[in-house]
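Heads up: the protein sequence lines correspond to chains A and B, in order.
For the first sequence, the residue numbers in the working numbering are 407 to 734.
For the second sequence, the residue numbers in the working numbering are 5 to 668.
Please note that a few of the clues may not be correct.
Cross-link-like lysine-lysine pairs, in silico, DSSO-like; alpha carbons within 30 Å at most [what the hints assert, rightly or not]:
#1 K145(B) x K299(B)
#2 K634(A) x K655(B)
#3 K243(B) x K299(B)
#4 K634(A) x K404(B)
#5 K612(B) x K478(A)
#6 K477(A) x K612(B)
#7 K478(A) x K508(A)
#8 K427(B) x K445(B)
#9 K571(A) x K435(A)
#10 K668(B) x K656(A)
#11 K508(A) x K612(B)
#12 K236(B) x K286(B)
#13 K435(A) x K508(A)
#14 K404(B) x K464(B)
#15 K225(B) x K236(B)
#16 K84(B) x K655(B)
#17 K286(B) x K299(B)
#18 K477(A) x K427(B)
#19 K344(B) x K404(B)
#20 K57(B) x K145(B)
#21 K474(A) x K628(B)
#22 K261(B) x K225(B)
#23 K344(B) x K169(B)
#24 K344(B) x K236(B)
#25 K145(B) x K575(B)
#26 K655(B) x K656(A)
#27 K668(B) x K110(B)
#28 K628(B) x K508(A)
#29 K628(B) x K634(A)
#30 K299(B) x K237(B)
#31 K612(B) x K474(A)
#32 K482(A) x K176(B)
#33 K478(B) x K203(B)
#34 K344(B) x K176(B)
#35 K236(B) x K203(B)
#36 K628(B) x K478(A)
#37 K188(B) x K203(B)
#38 K169(B) x K261(B)
#39 K404(B) x K327(B)
What the hints contain is simulated information worked out from the structure, not anything from laboratory work.
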Amino acid sequence: MQKVTASQLIDRAAALLSDGSVSAVLGWKQGEFDYDITPAVFADEQALRDAFVWNDFCGANFSKYLLKATKKVDGKVLVFLKPCDTYSFNQLLTEHRFDRDKVYAIGIPCEGMADIDKVKAQSGDGIVSIACGETIQVTTLYNDAPVSVELADVLEERCANCKSKKHVAYDELLGDEGDVLDSARFDEVAQLEAMTPDERFAFWQEHLSRCIRCNACRDVCPACTCEKCVFDNPASGVENKAPANEFEEKMFHIIRAFHVAGRCTDCGECSRVCPQNIPLHLLNRKFIKDMNDNYGEYQAGAEVGSRAPLVDFTLDDPEAADVLDRRG
Amino acid sequence: MQRIGVFVCWCGSNIAGTVDVKAVAEALSHEPGVVFSTDYQYMCSQAGQDMIKASVAEHHLTGIVVCSCSPRMHEATFRKTATAAGLNPYMVEIANIREQCSWVHKDMPIGTEKAIILGKAAVAKVHLNAPLTPGESPVTKRALVIGGGIAGIQTALDIADAGFKVDIVEKKPTIGGKMAQLDKTFPTLDCAACILTPKMVDVAQHENVRIFSYSEVSEVKGFVGNFDVTIKKHARFVKEDLCTGCGACVDKCPMKKVPNEFNLGMDNRPAIYIPFAQAVPKVATIDPAHCNMLKNGKCGLCARVCTAGAIDYTQQDEYVQEKYGAIVVATGFNPISMDKFDEFAYNQSKDVITSLEFERLTNAAGPTAGKLLRPSDGAHPHTLVFVQCVGSRCTACAEKGKEYCSKICCMYTAKHAMLVRDKYPDVDVYVFYIDVRTPGKNFDEFYRRAVEEYGVKYIKGTVGKVVPENGVLKVQASDLLNNKQLHIDADMVVLAAAIEPDRSARPLATMLTASMDTNDFFTEAHPKLRPVESPTAGVFLSGACQGPKDIPETVSQAGAAASKVIGLLAKDKLMGNPCVASSNEAMCNGCSSCANVCPYGAITYEDKEFRMPDRTVALRRVAKVNPAVCQGCGCCTVACPSGAMDLNGFKNDQILAEVDAICK
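Whole structure, please, built from the sequences with the hints as guidance.
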């Protein structure tokens, strides 16, 4: 169960709207199903009271939405940021992608978000409704009484391996501040590294061959904010097209991982939105782990203006040979 | 569609020996766009270049591929040829089939196949080449010389004599460098001070020379012809313009127990000091680490005795900004530390010294006023052992010493041995050597004199161990020619320590983006043909910073570096390099990744209005490259996440076309 309630958020947002501090609110509303929560822009209090949702399925990271929202809206945009969202928020500020003065950011604590597939594994299919309270109450077509599911048992992978409950950016914080956590998020990468190249190839072959090139991962990724994406640019030679062969179907994700290397905050949105359940976050985490190992710990978005080791130049940069030595 | 001519060079037998040049020309004639393909013995010769020019006219060529040596060698040559033939010089591509092909292969079929592939890649690139025009930039007619040893002094004098302004930056309180510490110089045995100090005075009095002593270069920006340099003048707590160098302060300073670095710690100096009598500038310097006044505010004697009122305890480091057209590196060398050579007991006995320390010991201005006295007890020594190659030619123990030959040790050891025997015929002198290397004018004669006329005992072999015992040094050594072990009781052991580049060179190289070799010697642009230029335009090399050198060689190189600088400063304008980065504003995110990696500070940002697809106008932050500052390194094109940054002449699609051609 989340520690702040939806009504707390709605009241605060309504107050800021009514006194003119902000002119729009980025929040969550319900989609087609109870567990299908989607981002929305609210322009007035009535809209907030009608549709604003905050529960265990509000995974969407709003940082990227600020790029368009701040350009469209006159006045400030109110955005609610979970701890992991604040890292993306800072990273986008580092890259000068939106005007900080046009944003009012409220940090909200997060107890982790539920993975609907894990919920279904406990409740069974045919979900009719979900109510989030002390536990998650799931009503299905096939059960008379709602099934009660503990949030802790159905956390998304990124939440089970949460890297930080600390907000690194906000104008105002609701609830209590958390800490940067000692996460086990690199364990699975280490397992992949321990595989033989053939095993690893088979692992990625198995997953990436399911890709349908829907571009959801790219569209949701807060690091993917290019004015013109190479995959949409006919001049790039790699524009959006169905994979012609097994090699190409892997290349899309590998190119994307290279593109966001050093800028990826490991928010995990790519894996959350993938309709094919491809563990895309592992590609990005491999880069993060390698950079940590080779150049020292670096967390993209931990502070505004920090420079990722791959895209930095300083006079005391180690020589390439020194880095090789360090790797042994 | 381009009309491309392919010209395959034999380079005598350099290429034709391992590559079937006719087959390469034939194969490339079938590539798309190639309308003419031929081979020739020396494409870079006048006849070869004339053939290219004639072919351009005859076949109406729009692009040229030359399959030859490295573009570093002759790209400029063939670009000039293209210009003479009426083409844009950047329509020329070089396929390097010598360094990257014929020189590394022994097998003709393999070499030929690879040469064809390299040629195809170049053809593929020419298809995407576009004419480029270089910009012009002005030249600041002032040179900077970093280092004030004999190399720096000579370079500065030569440039100044040609009528250009020169600044010398020296990190020590005086110029003069290592040569000022030497006693006599080989092979003529004239005294170092007698030939160096007049030059120091000349350079100090030259109207075109400014000396920044006790100073360091802290920042270098800009590019050839237009360097912006920040010089950090360390606070010496003495006003240079007021100090007369009378030395009253030095005499009165009560803190007299500071190891004297000029004499390599073999005697002491006061906390306020003038390194040596002929120092330039002859100005006192306070050593803040030892001055009581600066440390705890108690004393102030020097200020009281200074009649010129030059002492200023509140002086701060000062930063000077200056513009230069050319920079000469003359940072010199140091003997390596003897800490890793325990076997010679350097740290256990005062009587084991390095050769540079021996120079001070025999110098009339040194700690013993030139008398050969044993450092431990001041007694007259009877047996001296010189050990050659301590840390030089150290192939077996690379972590201990250096793999290279330090070059000067054979000669100065012969000099030391000869001087000792000359002044003290009663002293036995042994020299242990691996080889005696004396390739220089009058060098071998000099060494023969040491052996034949002065009776120095040269023994081919190495010293294994030196053990201090009851006031003598027990030297265990091998005599390889007589195949026996020697045990010598010596009074002093002198180690010919290897020399290494000064430690300030590495950070300086980074600031200058000048390249270095694995030993931290600066790399020259070409080992034979451009030995005094760094590969970085506008940066020149003088003296031992480029490799071990004796004084005659250093002075010649210093003069050569000066002539290159004069050649550069004599120009009013420099043609820029058109192969610079440019940003496609429509694709630029304004994320700053490119500016963060740019080593030259060539990228700035501006907010620009763009018409959006929905007909609104949006203000977007976009990158702008200053083509005069950009050096075309391409870091930004790699860092750019959206692919907006591209490098003229090496555009992403050109490189990919080459890769595709190779992989086809």
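Requested in this report: May I ask which of the numbered hints given earlier this structure violates, with the numbers listed in increasing order?
Outcome: Failing hints, ascending: 1, 4, 18, 20, 22, 23, 24, 32, 33, 38, 39.
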